[in-house]
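Colleague: Single-letter residue listing:
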Amino acid sequence: EAGVAQSPRYKIIEKRQSVAFWCNPISGHATLYWYQQILGQGPKLLIQFQNNGVVDDSQLPKDRFSAERLKGVDSTLKIQPAKLEDSAVYLCASSRGQGVNGYTFGSGTRLTVV
Amino acid sequence: SQKIEQNSEALNIQEGKTATLTCNYTNYSPAYLQWYRQDPGRGPVFLLLIRENEKEKRKERLKVTFDTTLKQSLFHITASQPADSATYLCALDIDNFNKFYFGSGTKLNVKP
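Just so you know, the sequences run in chain order F and B.
Letter 103 of the first sequence, counting from 1, is numbered 103 in the numbering used here, and no numbers are missing.
Letter 100 of the second sequence, counting from 1, is numbered 1100 in the numbering used here, and no numbers are missing.
Since the hints were derived computationally from the structure, they do not count as laboratory data.
Please note: incorrect hints may appear among the correct ones.
As the list claims (entries may be wrong) - Coverage of chain B stretches by chain F, computed from C-beta distances (three or more under 8 Å per stretch; other residues unrestricted):
1. 1038-1046
2. 1059-1070
Said to hold, decoys possible - Heads up, simulated BS3-like pairs for lysine-lysine below, C-alpha to C-alpha not over 25 Å straight-line:
3. F:K62 <-> B:K1059
4. B:K1099 <-> F:K44
5. F:K83 <-> F:K44
6. F:K44 <-> B:K1003
7. F:K44 <-> F:K15
8. B:K1099 <-> F:K78
9. B:K1055 <-> B:K1111
Unchecked claim - From the derived model, a few chain B residues whose C-beta atoms are all more than 12 Å from chain F:
10. Q1006
11. I1013
12. K1017
13. P1082
14. D1084
Yeah, the Cβ is synthetic: ideal placement off N, Cα and C, and Gly gets one too.
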């Protein structure tokens, strides 16, 4: 099966600009997650979708971050305006149902805010 | 506060030896614990899941133990190879809603 697709692979923006990341999960995977991974740290969960509904966004900085999953398939994560501390890799993952049997991650988008 | 701790120092071992990585947690009672491998520039790759009622799980050269009394999981790679060099992450289902929270990972270097 095809893996989780993410784009772009890399992005460099200036602080206060906006940026969007795209994720296409594995076909048939109902649950989709966005994680933020800062260099040297483990992935931090930002938001979890079940189909097109939000299950948990408690760690999403909602003043600047937003995410949507229209039609329960693709998802976009947006940052507006970006701050220097947003520099990180943004990982998308999906799972068939609950994540007990493991998530499948994409390769991520490396964001650098200058 | 809740914590998931993995040794931040890299583990350097010789090829053929057994690598043992540790994942400690506090203030959780996870029903599940997962281990992932992450290579530079790539997303984590799922390796193994162990449930709270399982003491040990094996898959090929990998073995995971889960001690809910000690609040610790050990991850073993036997007969290690240079290709096993990567960062290994543990992840816990801390609120029993099947959302997994990750440790910061331990980098393993296997030298030929």
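Colleague: Any hints from earlier that this structure breaks? Give me their numbers in increasing order, please.
Modeller: 2, 3, 9, 10
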